[in-house]
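From first to last, the protein sequence lines are chains P and X.
Oh and the first sequence: position 153 is 153 in our numbering, straight run, nothing missing.
Oh and the second sequence: position 135 is 135 in our numbering, straight run, nothing missing.
Don't take each hint at face value.
In this list, chains with the same sequence are indistinguishable; a pair is considered to hold if it fits within one copy or across any two.
Below are the SDA-like pairs computed for lysine to any residue, each with C-alpha atoms no more than 25 Å apart in a straight line [as the list claims (entries may be wrong)]:
1. LYS95 with GLN246
2. LYS311 with PRO96
3. LYS145 with SER6
4. LYS233 with VAL351
5. LYS348 with LEU147
6. LYS297 with LYS331
7. LYS132 with TYR333
8. LYS95 with GLU247
9. LYS95 with PHE5
10. LYS302 with LEU15
11. LYS311 with SER252
12. LYS346 with GLY100
13. LYS31 with GLY126
14. LYS234 with GLU296
15. LYS311 with ALA92
16. LYS78 with GLU160
17. LYS93 with LEU121
18. LYS348 with ASP228
19. LYS161 with THR79
20. LYS176 with ASP220
21. LYS348 with GLU104
22. LYS181 with PHE26
23. LYS93 with ASP129
24. LYS311 with PHE226
No wet-lab data here; the hints were simulated from the structure.
Protein chains: 2
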Amino acid sequence: MNSQFSAPYLKTLSLSPENQESPIHFLKHWKTPQDYFYLRNHFSYPLINPQNLFLSISGNVNKRVEISLSELSRFPSKTILVPLECAGNNRAKFKPKVFGEQWEEGAVSQGKWKGVPLKELLDQAGLLDGSKEAVFAGMDFGERKDLNESFYFARSLPIEKALHEDTIVAYEYNGKPIPYKHGYPFRLIVPQWYAMSSVKWLMNIFIIRHEFNGPFQTKDYVYYPFKDSDLDKKPVTAINVNSTIQEPLNYSIIQEGLQTIRGIAWTGTGTINEVAISIDHGDTWRKATLKYRENEKFSWVKWHFDWEAYKGEHTILVRASDSEGNMQPIKPYWNRKGYGYNAVQKIKIQVE
Amino acid sequence: MNSQFSAPYLKTLSLSPENQESPIHFLKHWKTPQDYFYLRNHFSYPLINPQNLFLSISGNVNKRVEISLSELSRFPSKTILVPLECAGNNRAKFKPKVFGEQWEEGAVSQGKWKGVPLKELLDQAGLLDGSKEAVFAGMDFGERKDLNESFYFARSLPIEKALHEDTIVAYEYNGKPIPYKHGYPFRLIVPQWYAMSSVKWLMNIFIIRHEFNGPFQTKDYVYYPFKDSDLDKKPVTAINVNSTIQEPLNYSIIQEGLQTIRGIAWTGTGTINEVAISIDHGDTWRKATLKYRENEKFSWVKWHFDWEAYKGEHTILVRASDSEGNMQPIKPYWNRKGYGYNAVQKIKIQVE
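Please work from the sequences and hints to get the whole structure.
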C-alpha cells in the first residue's frame with residue numbers, strides 16, 4: 001500500500017523495430033543499468049539458437065575460424081567503460097527538421113563491456129595481403145522497404161580500426177552476459193565511433209580487399225549536407241564532442257537561490273578537457289567542475305556548475321571541448337538524414 | 001533467448017513528484033491498462049493505512065458521515081468508461097512556449113471506473129441550505145515552494161456538478177481495486193472535466209457555503225490569457241474537444257500507396273460527431289470513419305482515414321467536432337500556464 005517507488009522508463013519511439021530512448025535526465029550512473037540502456041534496432045530481434053553460438057571469421061584470411069562463446073571467454077580479455085551514442089541522437093533538434101525517428105537526447109548510454117581484442121581473433125585467422133576492411137554481420141535480418149530487398153545488418157571498419165587494441169568482441173555487459181536485446185552472445189564494441197559500428201548479435205566477420213557497400217554503410221550513416229543532392233557526402237564515423245544537461249529540465253520552473261546545473265559530456269577524439277556554461281547567450285563562458293572516472297579513458301565525464309539563480313527567464317548554454325581541439329559548435333552541422341548533432345546544448349528555465 | 005517481446009513504456013517527465021505520460025501512440029485499447037495510464041502527481045505518494053480506509057463527508061450537512069471501503073461497495077454502483085485528460089496535455093506545443101512540465105500528447109488515458117454516485121452519499125449526509133460547493137481533499141500532501149506552505153491536494157466542484165448523476169466516488173478501475181498510484185482506495189471521477197477534478201486518494205468531502213480558494217483552485221488550473229497580468233482569468237473546467245493522431249508518427253518516413261491514418265478523439269461536451277482530415281493545409285477537409293464504443297457516452301472515439309500516399313512531404317491535419325458545436329481551432333488558445341491545448345493536430349511526414 002505504501003510503495004513510494006518511482007522509476008523512470010525508456011521512452012518509446014517505435015515498437016517494430018523496437019527503438020526506445022534512455023531516460024538520460026533521470027540517470028546518475030557511470031554504468032547505465034541494462035534496463036535503461038537505449039534500444040536502437042533496424043529489424044525485429046533475431047532468433048538465437050543457444051546450442052549454436054559461434055562467431056565466424058572468413059574471407060581474405062589464411063584459415064577460416066569458428067569460435068564458440070566458451071572458447072572466446074578463455075582468451076585474454078579487457079574490460080572498458082564506453083559510451084555508445086546513436087548517430088541519430090538529438091535528431092529532433094535539427095532545423096530545418098529532418099524526417100526519421102525523432103530521437104531527443106537519450107540515444108546515449110554507457111557501461112562496462114568485457115571482451116577480447118578483435119586483433120587477437122584476426123591473428124588466429126591470419127590476415128592475407130590486401131585486406132582492406134573487416135565486415136561485421138549481425139544475426140538481425142529484415143526487409144528494407146526503401147530498397148525492396150532483405151538484408152542482414154552489416155557494417156565495415158577499415159582494417160586499421162579493426163586492429164585497434166580497443167576494438168573488442170564483447171561477451172559481457174556490466175559483469176553479466178550481454179542482454180539479449182543488446183546483442184547476446186557477441187557484440188562488437190568500437191569505442192569512440194557512433195554505435196552503428198558496434199554490431200549486435202555478431203555472427204560473421206568477413207575480411208575483404210575492397211570497400212564494403214552494404215546499405216547501412218553507403219546509404220544510411222552517411223552525412224548528406226544537401227537536401228536534394230548527394231554532393232559532398234561522407235561517412236559517419238567518430239562521435240562528435242557532445243554534452244547533455246540533465247538538470248534542470250528544459251522549460252522547467254525553479255526557485256531562486258543556489259541551484260546546481262549538472263550533466264555529462266563525452267567525445268570521440270581524445271578526452272573532454274573543458275565544459276563551459278553561459279547564462280548570457282554566449283557572451284561569457286564559465287567553467288563547470290568536471291568529474292572523471294578513474295582509469296577509464298573513454299568514459300563520459302560528469303560536470304556541474306553552481307549557479308545563484310535570480311528571478312526571470314534564462315537560457316543556459318553548455319559547451320564541451322576535447323583534448324584534440326574540438327568544441328561543440330553554436331549551430332549544428334545540418335545534414336539530410338540528421339546524424340551527428342552536437343550543437344551547444346541549450347535549455348530555457350523560469351526562476352521564480 | 002528468443003524473447004521477441006517489445007513493449008511501450010510510460011514517458012518520464014519527473015520523478016519527484018512522479019509525472020509520466022502514457023505512450024498514447026502505441027496503445028489501441030478502449031480501456032487503458034493500468035500500467036499505461038499516465039501519472040500526474042502534485043506531491044509524493046501518500047502513506048495509506050489499510051486498516052483505516054474511510055471517506056468522510058462533513059461541513060454544511062445534516063450529519064457527518066464516514067463510509068468505509070466495504071460499506072461503499074454495498075451501495076448501488078455504476079460503471080462508466082471515461083477518458084481522463086490532464087489540463088496540461090500538449091503544453092509543450094504552445095507557442096510562445098510556456099514554462100512548466102512539457103507534456104506532449106500522452107496526458108490522456110481512459111478506463112472503466114466503478115463507483116457510487118456522489119449524490120447518493122451526499123443524500124446520506126443531508127445537504128443544508130446554502131450549500132454552494134463540495135471540496136474534495138486527497139491524502140496527498142506536500143510543500144508548495146512557490147507559496148512556502150504545505151497543503152493537501154484539494155479541489156472543489158459547484159454543488160450542481162457534485163450532484164450530477166455521473167459524478168461518482170470510484171473504488172474500482174478496469175474491474176480491480178483502484179491501483180495505488182491512481183488513487184486507492186477512493187477516487188472522485190468527474191466525467192467531461194479535466195482530470196485535476198478527479199481527486200485521487202479521496203479522504204474528505206467538505207460542503208461549503210462559499211467558493212473554495214485553495215491554491216489548486218485559484219492559482220493553478222486557471223486560464224491566464226496574458227503573460228504579465230491576471231486579467232480575464234477563468235477557471236479550467238470542462239475538457240475541450242480534442243484528438244490525437246496515433247499513426248503515422250510525426251516526422252516519420254512512410255511508403256507510397258494506401259496508408260491508414262488513425263487516432264482517437266474526445267470532448268467534454270456532448271459527443272464527437274465528426275473527425276476531418278486535411279492534406280492541403282486546411283483548404284479541404286475529408287471525413288474520417290468513426291468507431292464508437294457502444295453504450296458509453298463519455299468514451300473517446302477511434303477514427304481512421306485511408307489515404308493514397310504519394311511521394312513528397314506532406315502535412316496532415318486532424319480536426320474533431322462535437323455535438324455541441326465545438327470544433328478544434330486552427331490556433332491554440334494561448335494561456336500563461338499552458339492549459340487546455342486543443343488546436344487542430346498536425347503531423348509532417350515524408351512519403352518515399
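Within a copy, between copies, both or neither: where do LYS311 and PRO96 come within 25 Å Cα-Cα? between (33 Å within a copy, 19 Å between copies)
Are the CA atoms of LYS95 and PHE5 at most 25 Å apart within a copy, between copies, both, or neither? Neither, since 38 Å and 35 Å both go past 25 Å.
Within a copy, between copies, both or neither: which one fits LYS31 and GLY126 at a CA-CA cutoff of 25 Å? neither (35 Å within a copy, 60 Å between copies)
State whether the alpha carbon distance between LYS302 and LEU15 is at most 25 Å within one copy, between copies, both, or neither. Result: close only across copies, 21 Å inter versus 31 Å intra.
Regarding LYS297 and LYS331, is the shortest C-alpha distance of 25 Å or less found within a copy, between copies, in both, or in neither? Close neither inside one copy (28 Å) nor across copies (51 Å); limit 25 Å.
Intra/inter-copy verdict for LYS145 and SER6 if alpha-carbon distance must be at most 25 Å: between (40 Å within a copy, 21 Å between copies)
What label fits LYS132 with TYR333 when the C-alpha limit is 25 Å: within, between, both, or neither? neither (30 Å within a copy, 61 Å between copies)
Homo-oligomer pair classification [GLN246, LYS95; C-alpha up to 25 Å]: both (22 Å within a copy, 24 Å between copies)
Given a CA cutoff of 25 Å, do LYS78 and GLU160 count as a within-copy pair, a between-copy pair, both, or neither? Classified as within: same-chain Cα gap 19 Å, cross-chain 71 Å, threshold 25 Å.
Have a look at LYS176 and ASP220 and pick one of within, between, both or neither, based on CA distance no larger than 25 Å. neither (32 Å within a copy, 48 Å between copies)
LYS95 and GLU247: within-copy, between-copy, both or neither at 25 Å Cα: This pair counts as both: shortest intra-copy Cα distance 24 Å, inter-copy 23 Å.
25 Å Cα cut-off: does LYS234 pair with GLU296 within a copy, between copies, both or neither? neither (30 Å within a copy, 57 Å between copies)
Violated hints, listed in ascending order, are 6, 7, 9, 13, 14, 17, 20 and 23; each of the other numbered hints is respected by the structure.
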